[in-house]
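Enquirer: As a plain string of letters, each chain reads:
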Amino acid sequence: MSATIIVGVDGSEAGNRALAYAKRLATLIGSECKLELVCVVEWSPYTFQTPEENSHRKKQKQIETQNAQERVIDPALASLKEEGIAASGVVKFGKASSILNNIAVEHNAEQIVVARSTEQGLSARVFGSVTANLVMSANVPVTVVS
Amino acid sequence: MLKRPYFIFTSFISLLLLTLSSSAQAEESSGGIDAVVNEMFGHATGWFVSLIFAPFPGTSFPWIVLWLVTGASIFTLYFGFLQFRGVGHSIALVKGDYSDPNDAGEVSHFQALATALSGTVGLGNIAGVAVAVSIGGPGATFWMILAGLMGMASKFTECTLGVKYRNEYKDGSVSGGPMYYISKGFKERGIPGGRFLAGLFAVFCILGALGGGNMFQANQAHAQLTQVIGNYPGWITGVVFAALVFIVIVGGIKSIARVTDKIVPFMGILYVGSAIVILIVNADKIGWAFGQIFAGAFTGLGVAGGMVGALIQGFKRAAFSNEAGVGSAAIAHSAVQTNEPVTEGFVSLLEPFIDTVVICTMTALVIIITGQLVQNPETGMYILNEAGTAIKTADGSSGVALTSAAFASAFSWFPILLAIAVILFAFSTMLSWSYYGLKAWTYLFGEGKTAELTFKTLFCVFVIIGAAANLGPVIDFSDAAIFAMAVANIIGLYFLMPIVKKELTSYQKRLKSGEIVKYKDRKKAQKA
Chain A
1 MSATIIVGVD GSEAGNRALA YAKRLATLIG SECKLELVCV VEWSPYTFQT
51 PEENSHRKKQ KQIETQNAQE RVIDPALASL KEEGIAASGV VKFGKASSIL
101 NNIAVEHNAE QIVVARSTEQ GLSARVFGSV TANLVMSANV PVTVVS
Chain B
1 MLKRPYFIFT SFISLLLLTL SSSAQAEESS GGIDAVVNEM FGHATGWFVS
51 LIFAPFPGTS FPWIVLWLVT GASIFTLYFG FLQFRGVGHS IALVKGDYSD
101 PNDAGEVSHF QALATALSGT VGLGNIAGVA VAVSIGGPGA TFWMILAGLM
151 GMASKFTECT LGVKYRNEYK DGSVSGGPMY YISKGFKERG IPGGRFLAGL
201 FAVFCILGAL GGGNMFQANQ AHAQLTQVIG NYPGWITGVV FAALVFIVIV
251 GGIKSIARVT DKIVPFMGIL YVGSAIVILI VNADKIGWAF GQIFAGAFTG
301 LGVAGGMVGA LIQGFKRAAF SNEAGVGSAA IAHSAVQTNE PVTEGFVSLL
351 EPFIDTVVIC TMTALVIIIT GQLVQNPETG MYILNEAGTA IKTADGSSGV
401 ALTSAAFASA FSWFPILLAI AVILFAFSTM LSWSYYGLKA WTYLFGEGKT
451 AELTFKTLFC VFVIIGAAAN LGPVIDFSDA AIFAMAVANI IGLYFLMPIV
501 KKELTSYQKR LKSGEIVKYK DRKKAQKA
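Chains as they are written, first to last, in my numbering: chain A, 1 to 146; chain B, 1 to 528.
Derived by calculation from the structure, the hints in this document are not laboratory data. Treat the hints loosely; a few may be bogus.
What the hints assert, rightly or not - Here are some, though not all, of the chain A residues that point toward chain B, as calculated from beta-carbon distances under 7 Å:
| hint | residue |
| --- | --- |
| 1 | 21 |
| 2 | 23 |
| 3 | 27 |
| 4 | 33 |
| 5 | 54 |
What the hints assert, rightly or not - Some, not all, of what chain B presents toward chain A, calculated at C-beta under 7 Å:
| hint | residue |
| --- | --- |
| 6 | 92 |
| 7 | 96 |
| 8 | 108 |
| 9 | 171 |
| 10 | 263 |
| 11 | 265 |
| 12 | 266 |
| 13 | 335 |
| 14 | 432 |
| 15 | 435 |
Only a predicted model underlies this, so the values are computations on that prediction, with no experimental measurement involved. C-beta: ideal position from N, C-alpha, C; glycine also.
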């Protein structure tokens, strides 16, 4: 039986800590374990944009997807491949906590690994951080790496 | 090398500006820059205004108003009153019920609607309504609401076509609008003259962008500023606005546009919220106000032109505010992410409802309820001003100043808030219309930095002219330019509406059969 672990990555130091922890887990579980790296570009369908921004949005999404793929997912996958850990990666747009949970449910994952959020300020206080939202709403166990 | 039409058009505009500036130099000493700009502007655009607003022989009814109403009525009947049947589905689409969150990241239905609304909700709702009720009386509100409800069908038709025939370029950018659906749709149906009509629309769209989308905004923003900080020359406001617009559209400083676009919706909510508070406080007068609206709609209650005068003003200001049938919204909505063009049609029909039926009606009610329009207490008829052109107002104000006075009678601080709102609305509308105008310009003259820079510079020059000129000539030209767009657009819509009908029938069939379902229902079905 294989075990899938969802890992939230974003190229930051915190994301790398989550990845490092997931690597250790994968090594302990063995070859049956697969890591699914998820890089979420925060995006809300309810924001206000100018007509010009809208007309270039498709192009902008392609650029953002490519950047996330090349700068976050590809290097992480390369390092996992070197260590013989099975992994794949995906770039998604939306609310990070929902996307990570949806992918975990879709893959029937064992758990989600994320790093402790570094979000500060009013919005994190009012709406809660990505990590806090994920912990509260996830359908699978969540490991928060400090 | 410059294309021939580009050369002719820029030469015409340069000549117009040269005439304005040389006359300004000659007459500056006698009347000041503002007076000269105003006079010259009136002369330069008078023929165009007369042509667009020419009445039917023997009547005072402008043919263009009937043109818009007929269009909206035909679309309403042709699509079986879809604006009333389809509202629930429209709201579900805006909420994202039918969107797959895994495909997120592109322009959502909500964003397309919000962007289009930021181009329409603004001075038309504040100043335009004040103009309508002061000239056409409270009865104009009735016709305005009716025009808003009918206009929902026009908006549905044009925005469906806007998405269906948009141009999606290899680099991922999107361009759409009447010029594209008229030329491509006519070709597809084998109808001749599509390119000519599309070109005509593009010319009118450029004029509309410079008129209603620019000069009217600058003019009314200046009027509101003088209300708050005292009288000063309009060209100063014009130069400041032009500089800001230039920085954003030419300098590419998007942060200003982003900040504006974040604040504008909140200003809109604040405006509507204040209106609701005034209406609640005066709840006992709401019934009376609606009585005035209904009575005025059919009798005029003493306004110039009677019932027809009220009707013309109501329809004119509704069209100017919600732009249904004008074609501008089709440009804004065309960037949405959807494989079903008709879904954006459904979403877009909410636009005239929010803009006209809700916001414009609130402005009108506040003006009526706060007693800004002077009435003869004995006869109940409204008293006209000395010129006999409009209803006498409590403090003699008109346009945005009248709305400001109405709100100020309840909240003394409101003129300051309204000044900020007007400036932001004006700025955001200008940015939207600079884009619409640019799309029309590049359609005519091709994509290219020189062509784009020429239009953007021209747009900024017209900001100054708009702020310096008086309300009369500016509002006439703005109306004429916006309505001229509807001439070409509605002809196009008549020929292309069978395509929309086909799309709608197919979509509704699949919706009924369960082929198209809400995302959560799809997920449930997959699990089961």
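Enquirer: Which numbered hints turn out to be false for this structure?
Expert: 1, 2, 3, 4, 6, 10 and 12
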